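**Student:** Using the sequences and the accompanying hints, generate a full structural model.
If you read the sequences in order, they're chains A and B.
Quick note: the first sequence uses my numbering, first residue 1, plus one each step.
Quick note: the second sequence uses my numbering, first residue 116, plus one each step.
Derived from the structure by calculation, the hints contain no laboratory data.
Since no wrong hints were added, every one of them can be taken at face value.
In silico lysine to aspartate or glutamate, DMTMM-like type, Cα no more than 20 Å apart, as pairs: (1) B/K156 - A/D9; (2) B/K155 - A/D9; (3) A/K102 - B/E159.
Negatives, chain B to chain A, calculated, CB over 12 Å: (4) G129; (5) M130; (6) K134; (7) S135; (8) N185; (9) L188; (10) L193; (11) Q197.
Selected chain A positions facing chain B (Cβ under 10 Å, derived; list incomplete): (12) Y36; (13) Q38; (14) R42; (15) G43; (16) F90; (17) F105.
Just so you know, these numbers come straight off a predicted model, no measurement behind them.
Glycine included, each C-beta is placed from N, C-alpha and C at the ideal position.
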Amino acid sequence: AQSVAQPEDQVNVAEGNPLTVKCTYSVSGNPYLFWYVQYPNRGLQFLLKYITGDNLVKGSYGFEAEFNKSQTSFHLKKPSALVSDSALYFCAPREGSSNTGKLIFGQGTTLQVKP
Amino acid sequence: DTEVTQTPKHLVMGMTNKKSLKCEQHMGHRAMYWYKQKAKKPPELMFVYSYEKLSINESVPSRFSPECPNSSLLNLHLHALQPEDSALYLCASSRSEASGNTIYFGEGSWLTVV
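**Tutor:** Written out as structure tokens, the structure is:
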């Protein structure tokens, strides 16, 4: 069965500190990997994706993610957190072997950045 | 521009009402999606349209009826809903159903069934 694990329900960091939101997955083939962010009472916003190539992917708002094939992980990172980064983050692989794979969402991680 | 527009933003309906949610995109995308999301949970896929034809129905109850009048519009018709159907309904689109394409979401329609 396909699955995604975001092991932390909540991550707390101080403003200015680096942040990491973890994601590991068990998806067949070579999945494409996505991160989305959801601010309170808003829809989902696309942050970044990994398709192929460089393992470090840069995205919106200064976020980046590191793909590790051997560990089947795709952790989201940012060098210096902002209070405005506080939101709900979803990791979402998508089957690469299928031409019409569905997004498989993790349970989400709430990021709380304190001033 | 990666905008998916949904109306209304908020809808309150009784269990005997008929209402519709509307979604529009002008990015030339040929795949459109409906998702349902409960508070602080991940979105759940309901329907996928590809080139205006229904491609995926995730065993959604018939009280939800999707419609894709043209390549830019997607509707979700609601009838005889239950209180447990109260949720955020998200519309999304992508260039095509192909897995490498990014799926872009709208701001959602908040539905309350009373």
